[in-house]
Amino acid sequence: MSSSQSQASLSALADRWLPKLVLSPTLLISLVFVYGFIAWTGWLSLTESRLLPQMDLAGLIQYQALFENDRWWTAVANLGIFGGLFIGCTLAVGLFLAVLLDQKIRAEGTLRTIYLYPMALSFIVTGTAWKWMLNPDMGLQKVINDWGFPDFTFDWLVDPDKAIYTVVIAGVWQSSGFVMALFLAGLRGIDDSIIKAAQVDGASLPVIYWRIIIPSLRPVFFSVLLILSHIAIKSFDLVMALTGGGPGTASDVPAIFMYQFAFTRGQLGLGAASAMMMLMTIVAVLVPLMYMETRSAKRG
Amino acid sequence: MAKHLTPGRIVLYAALVLMAIYYLLPLYVMLSTSVKTLDDIRGGNLIALPQSITLDAWSKAWSSACTGVECGGMKGFFWNSVKMAVPSVLISTLIGAVNGYVVSMWRFRGSDVLFTLLLVGCFIPFQVVLLPMARLLGELGIANTTSGLVMVHVIYGLAFTTLFFRNFFVTIPDELVKAARIDGAGFWTIFFRILLPISGPIFMVCVIWQFTQIWNDFLFGVVFAAGEAQPITVALNNLVNTSTGVKEYNVDMAAAIIAALPTLFVYMVAGRYFVRGLTAGAVKG
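Heads up: the protein sequence lines correspond to chains A and B, in order. If you count by our numbering, then the first sequence holds residues 1 to 300, one letter each, in order. If you count by our numbering, then the second sequence holds residues 1001 to 1285, one letter each, in order.
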């Protein structure tokens, strides 16, 4: 090991620029492929581009076309239905499971493993499995029929008014275990003495959960909402595998709209405009949530 | 507090078991359907046990099922996914490790801002980068190739991997690094000699997270690599939605399980890290 002065100062110099040098490729990549590409898409959304990109600005015509497109509004409405129900049900099921598992359960590890494994699957696999289970002729409907309820029908998958709800069913199945894991981690972080004190005061277990424990999970709620709304707005694979946006366009969501107009129908400008709308939705939903999350985390 | 089997506890366990059945049912249905014959599927019902077990559907799914016009099964696409996932995971994890090291231990003026700017990459809907990326891949001549997909996955994985390592390294006491610097250790010495040896768990978390994300990806696969280089998720979707001939549900299910096996396997052997990755990735992204 050398300790000569000049070498030491040389390595000190290296230590000053090395960190910046090491980080710069990633920053450059992020600058080009995230910020640059968003700008490019934004620009494209302001042009008349159809099959080929062209760069002359043409104002908001693509957004105008988008807002006059019925299919877009179907997709937006579906996102609203799917997003609301998916987030609500996943949150409820996840919290419910976490509270149940928090009751000093035997075999908790095994149960947790079972509840959480869907998260390891691709949405395409989940969609394929549920598509088969919800098959109106040979799926769950037939099981119930065979059990002695021959009039039972469950054909949401092929019903234009109900197809989007099948996406909710599969989505909740896939994601609720994950929410359970987050809530369980939150529950385990709560100070036992608060609960004991409430018990001494004569509060019943449901009251303790409702009044004390669940309110103290506020930060977890924000994280969960953040993740679930992110999943909902981006949802693409699950819908593709389960309904393909059908029957017809009945279960379209914005991500499918974007994919089809940009890549199979050769309407680049419109596709870009819908992508920008998705970005703006994410920003509009996530920024307030993140703001509230940091605030509630600071308060305790 | 000793827990006896009070009526309340019985209801509790019943609820837990019912939920377990709900989560396991699709897996059971996939497995049992995949070993049934088509006659058995048509005659029996979804949750009935198979009358006899046959692996024909599995071998067909692996080597001769039709995904669109091609009829080579999932085999080729499975290897496409392996060839895509392994390099993307390794490259993005290694770069993320060094990045995380810089933004946590070698902070310089503005590095926090740069890190925040980088994090935005975790949040964007990828739809906003698809069009320019498709064009770029075309111009580079790597559209519809596995190398193209590797590039895309590395680029959009960096924000996450950097975040993982940064969050891990900030928990390590500064004194450790300060002491090493006084002893004359430089940037790389500290990284390789001091930090890497204690970074095993976070490497596991990061590799598992990235592997699950990349293996399960559909969006990038379907947009950038339709055709021969398509990953298994895209092939599975094509297989299930190919509408020529008789619908072979047993083959669909076998193919779905094949597509799910690698990530399920990882979950089974390293579930602990998987959960930690989910929670860590979740807290910020």
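The set of hints was computed from the structure by calculation and includes no laboratory data. Fair warning: this is a prediction, and the values are worked out from it, not measured in the lab. Just so you know, not all the hints are guaranteed correct.
Covered, in the sense of this in silico footprint (three residues per stretch, anywhere, with C-beta under 8 Å from a C-beta of chain B), are these stretches of chain A [as the list claims (entries may be wrong)]:
(1) 141-153
(2) 236-248
(3) 259-266
For glycine and all other residues, C-beta sits at the position ideal for the given N, C-alpha and C.
Consistency of the hints with the structure:
no. : hint    : result
1   : 141-153 : holds (count 3)
2   : 236-248 : holds (count 5)
3   : 259-266 : holds (count 3)
Comparing the model with each numbered hint stated earlier shows that all of them hold.
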